[in-house]
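A.B. asks: Residues per chain are reported as follows:
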Amino acid sequence: MGIDRRFRICPDTGLALHRPAERLIKANAVAAVVCLLVGGILAIGVALTRWPAVHLLPVTSFYTALTAHGLDMLIFWIIFFEIAVLYFASSTLLRCRLATPRLAWLGFALMVIGAVLTNLVILQGRSSVMMTSYVPLRAEPGFYLGLILFAVGALIGCFIFLGTLVIARYEKTYDGSIPLVVFGALTACIIAIFTIASGAIVLIPTFLWSIGLVSHFDPLMYRVIWWGMGHSSQQINVATQIAIWYAIAAIVFGARPMSERVSRTAFLLYILFLQLASAHHLLVDPGISSSWKVFNTSYFMYLAVLASMIHGLTVPGSIELAQRRKGLTKGLFEWLRKAPWGNPVFSSMFISLVGFGFLGGITGVMMGTEQLNINVHNTLYVPGHFHATVVVGTTLAFMGLTYFLVPVLFRREIIFKGLARWQPYIYGLGMSAVSLFMMGAGTLGVPRRDWDITGAGLPFAPHWPGAAYLMLGLLGISAIVAVLGGAAFIVITVGSILFGKRLETGETTTAPSRLERAAPVAAALEGYGGGGTLVTPGTFVLALVFLLTFVVYYFISWKYLGTVWGLH
Amino acid sequence: MSTLLPPSERIWWKQPVDRVEVLWVGIALVWCLILTFMMPYWHVFGKQNISNTAYHVNPKEFAARARAVDGKYVVRTEDGVPVVQPPPGADVYLIAHQWAWWPILELEKGKSYRLHLSSLDVLHGFSLQPENINLEVVPGYEMVLTVTPNHVGTYSLVCNEYCGIGHQAMIGRVYVTK
Ligand code: HEM
Ligand SMILES: [Cu+2]
Ligand SMILES: [Cu+2]
Numbered sequence: 001m002g003i004d005r006r007f008r009i010c011p012d013t014g015l016a017l018h019r020p021a022e023r024l025i026k027a028n029a030v031a032a033v034v035c036l037l038v039g040g041i042l043a044i045g046v047a048l049t050r051w052p053a054v055h056l057l058p059v060t061s062f063y064t065a066l067t068a069h070g071l072d073m074l075i076f077w078i079i080f081f082e083i084a085v086l087y088f089a090s091s092t093l094l095r096c097r098l099a100t101p102r103l104a105w106l107g108f109a110l111m112v113i114g115a116v117l118t119n120l121v122i123l124q125g126r127s128s129v130m131m132t133s134y135v136p137l138r139a140e141p142g143f144y145l146g147l148i149l150f151a152v153g154a155l156i157g158c159f160i161f162l163g164t165l166v167i168a169r170y171e172k173t174y175d176g177s178i179p180l181v182v183f184g185a186l187t188a189c190i191i192a193i194f195t196i197a198s199g200a201i202v203l204i205p206t207f208l209w210s211i212g213l214v215s216h217f218d219p220l221m222y223r224v225i226w227w228g229m230g231h232s233s234q235q236i237n238v239a240t241q242i243a244i245w246y247a248i249a250a251i252v253f254g255a256r257p258m259s260e261r262v263s264r265t266a267f268l269l270y271i272l273f274l275q276l277a278s279a280h281h282l283l284v285d286p287g288i289s290s291s292w293k294v295f296n297t298s299y300f301m302y303l304a305v306l307a308s309m310i311h312g313l314t315v316p317g318s319i320e321l322a323q324r325r326k327g328l329t330k331g332l333f334e335w336l337r338k339a340p341w342g343n344p345v346f347s348s349m350f351i352s353l354v355g356f357g358f359l360g361g362i363t364g365v366m367m368g369t370e371q372l373n374i375n376v377h378n379t380l381y382v383p384g385h386f387h388a389t390v391v392v393g394t395t396l397a398f399m400g401l402t403y404f405l406v407p408v409l410f411r412r413e414i415i416f417k418g419l420a421r422w423q424p425y426i427y428g429l430g431m432s433a434v435s436l437f438m439m440g441a442g443t444l445g446v447p448r449r450d451w452d453i454t455g456a457g458l459p460f461a462p463h464w465p466g467a468a469y470l471m472l473g474l475l476g477i478s479a480i481v482a483v484l485g486g487a488a489f490i491v492i493t494v495g496s497i498l499f500g501k502r503l504e505t506g507e508t509t510t511a512p513s514r515l516e517r518a519a520p521v522a523a524a525l526e527g528y529g530g531g532g533t534l535v536t537p538g539t540f541v542l543a544l545v546f547l548l549t550f551v552v553y554y555f556i557s558w559k560y561l562g563t564v565w566g567l568h
Numbered sequence: 569m570s571t572l573l574p575p576s577e578r579i580w581w582k583q584p585v586d587r588v589e590v591l592w593v594g595i596a597l598v599w600c601l602i603l604t605f606m607m608p609y610w611h612v613f614g615k616q617n618i619s620n621t622a623y624h625v626n627p628k629e630f631a632a633r634a635r636a637v638d639g640k641y642v643v644r645t646e647d648g649v650p651v652v653q654p655p656p657g658a659d660v661y662l663i664a665h666q667w668a669w670w671p672i673l674e675l676e677k678g679k680s681y682r683l684h685l686s687s688l689d690v691l692h693g694f695s696l697q698p699e700n701i702n703l704e705v706v707p708g709y710e711m712v713l714t715v716t717p718n719h720v721g722t723y724s725l726v727c728n729e730y731c732g733i734g735h736q737a738m739i740g741r742v743y744v745t746k
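Line order of the protein sequences matches chains A and B. If you're matching positions, the first sequence starts at 1 in our numbering and goes up one per residue. If you're matching positions, the second sequence starts at 569 in our numbering and goes up one per residue.
Among these hints, one or two may not hold up.
[Said to hold, decoys possible] Reference listing, derived: stretches of chain A covered by chain B, where coverage requires no fewer than 3 residues with Cβ under 8 angstroms from a Cβ of chain B:
| id | region |
| --- | --- |
| 1 | 454-462 |
| 2 | 539-552 |
[What the hints assert, rightly or not] Just the calculated beta-carbon pair ranges, DEER-fashion:
| id | chain 1 | residue 1 | chain 2 | residue 2 | range |
| --- | --- | --- | --- | --- | --- |
| 3 | B | Asp659 | A | Leu268 | 45 to 53 angstroms |
| 4 | A | Ile193 | B | Thr621 | 36 to 44 angstroms |
| 5 | B | Asp659 | A | Thr549 | 55 to 63 angstroms |
Please keep in mind that the hints were generated in silico from the structure rather than gathered at the bench. Since this is a predicted model, take the numbers as computed values, not measurements. Where is the CB? At the ideal position from N, CA and C, for every residue including glycine.
Kindly generate the complete structure, drawing on both the sequences and the hints.
C.D. replies: Laid out in structure tokens, this is it:
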């Protein structure tokens with residue numbers, strides 16, 4: 001069988017969609033949304049159980065649901081979608097045929113089998129070990145096997161991405177260097193390969209241990225390596241989500257990066273200083289020295305944090321530049337006020353950016369500080385933090401891209417446009433509230449992964465402050481809002497794919513035109529500000545507000561730590 | 569849509585950078601250096617640091633040692649759990665196991681104790697409430713930590729590392745007296 005070189009040229013966007021790649025992107029995206037649906041249903045059970053006044057699920061179902069929620073969301077939803085993004089970024093954006101589509105289907109099949117297997121095993125109830133599956137808690141072998149199959153499938157996807165980049169270069173489908181968005185995806189892919197290697201090192205022996213072939217696995221060693229996968233993989237999410245921010249800024253505003261040099265260097269910093277981010281999870285563990293913790297938790301002087309702070313400026317900065325170029329130059333913020341707030345592609349992206357920075361970023365640095373971690377480790381603060389990063393940040397960015405991709409890939413109009421306008425706000429604000437109330441409860445000491453904090457009927461029942469119960473109640477209520485927002489997303493996207501008005505498919509060609517370079521950039525930089533002022537004053541002010549919040553919160557945390565028992 | 573296009577110059581790392589970016593990178597870098605500096609600073613001047621003392625230990629041996637040492641200081645029992653009142657400065661042991669903490673500690677405000685902490689089975693989480701001090705308890709590792717209580721009160725010891733189906737019931741107690 002020869003190589004299928006047919007491309008469909010999208011009549012609206014001009015994108016060249018390699019036929020086999022298009023089908024794979026759709027398949028991965030649909031699988032992702034199914035996982036999001038399952039995870040979302042489980043979220044209702046989990047959140048309403050943590051609301052003491054409701055206390056929905058019995059104890060065994062709670063821990064089962066929590067294990068499945070963590071994996072379906074953090075691993076399956078996110079990674080299926082990321083594979084779709086990798087194929088889109090390499091094949092579609094570079095107007096290149098996807099390398100070895102049949103192998104890509106094999107990868108997809110492995111991922112589906114793995115995800116289904118792990119879910120089935122969890123639902124049987126004897127593998128409620130949480131997604132972290134810390135040894136020596138033991139799950140059924142199928143639990144680990146499913147994860148391993150899924151990881152192998154994802155690894156195949158990474159190599160197909162790289163293969164496609166090689167083909168694109170060799171077949172000269174683009175001129176010059178790869179675009180910034182593809183560069184971001186490449187960053188994610190490289191980190192993913194390292195991450196999956198860590199995953200293999202930890203999960204394969206654990207699988208062998210679960211079937212009795214390995215007798216002992218040191219629990220601390222397990223934690224070091226597991227988090228080598230678990231934390232580094234969050235850097236995949238960050239890189240992918242930021243690539244999507246840049247892409248959406250370009251799609252909605254025609255934005256160009258403020259400078260290729262700064263944005264790309266920031267992506268490189270992620271790769272260079274990823275290091276043993278697993279340290280974040282080991283800050284209060286025995287048997288690990290403080291110097292190791294300090295060096296690794298800070299990614300060698302916080303250079304990965306620096307990278308995120310840079311993107312935090314350059315992404316909105318690129319939007320400001322584009323808007324000012326269109327004449328929205330009044331005051332500091334006309335460019336932002338007049339942004340298309342009713343377009344879910346944009347609003348998702350912007351809420352993702354702000355939520356990720358203010359809620360996720362600041363708290364992440366706080367928690368990842370060696371001593372400050374003493375006050376938050378394993379409290380609800382931790383899931384509070386990561387629902388800000390991986391849900392408000394990553395998930396919402398993915399949702400924004402989906403609103404763009406559904407018409408492009410499925411050639412259907414988005415239905416329920418009115419609901420779609422509001423969906424990012426309902427989900428984004430609901431989820432931000434979920435995060436904040438979890439963090440609030442965690443600050444008051446409420447543990448994570450705990451079916452019942454009241455200790456009812458136990459001799460030493462703890463006395464929680466009333467505020468802790470209040471936080472958990474508010475968590476439950478905001479979870480309902482967030483779940484409704486998530487459900488709206490699924491109804492809109494699935495509904496559009498099935499019932500949306502058909503759009504014309506566009507013509508098919510075997511030789512799409514080459515991707516040409518952007519127009520030179522120098523003139524654009526001088527146009528604004530001119531003598532003495534800054535080119536993006538609004539963004540700069542927003543960045544300073546961010547920094548101020550960061551500094552204040554950070555030092556308040558130290559002050560609070562200073563009041564607790566002396567430890568050394 | 570130039571973020572989606574190849575850069576106009578192939579050699580992107582030589583392209584110009586404007587002042588906003590340079591300024592922000594500078595500010596952010598300084599902040600990152602402060603963040604880095606705070607951790608060693610607190611090791612020198614702060615009072616709350618995790619101990620670097622830990623030993624590999626066999627859980628059985630740890631349990632035996634804990635019973636022998638803590639046994640000397642038992643002053644009463646509550647709900648079948650001994651209350652242990654070590655003299656200031658002494659070594660004292662705390663065992664985590666599915667699903668209880670053993671024993672109950674009774675410490676004096678302002679005095680220091682060397683706390684030995686380990687688990688006999690799976691991971692557990694030492695979470696002292698409402699003080700909100702949280703430590704990981706790992707089987708096979710004995711953490712030795714000098715603690716100096718600074719508030720009088722009755723504290724709960726909650727397990728905050730998921731440790732199986734009885735996780736939520738693993739609650740102990742610590743007293744701090746004048
Ligand atoms: C409607 C949306 C959601 C709600 C209401 C929700 C709520 C919750 C709650 C209440 C917990 C339990 C905290 C605990 O007891 O420790 C939790 C855990 C978790 N959630 Fe979500 N969540 C939602 C969406 C997501 C999404 C989209 C992701 C990932 C992309 C995610 C990832 C996780 C993870 C990884 C855990 C930790 C599981 C564990 O401790 O093993 N959640 N969520
Ligand atoms: Cu426990
Ligand atoms: Cu526990």
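A.B. asks: Taking each numbered hint in turn, which are not upheld by the structure, reported in ascending numerical order?
C.D. replies: 5
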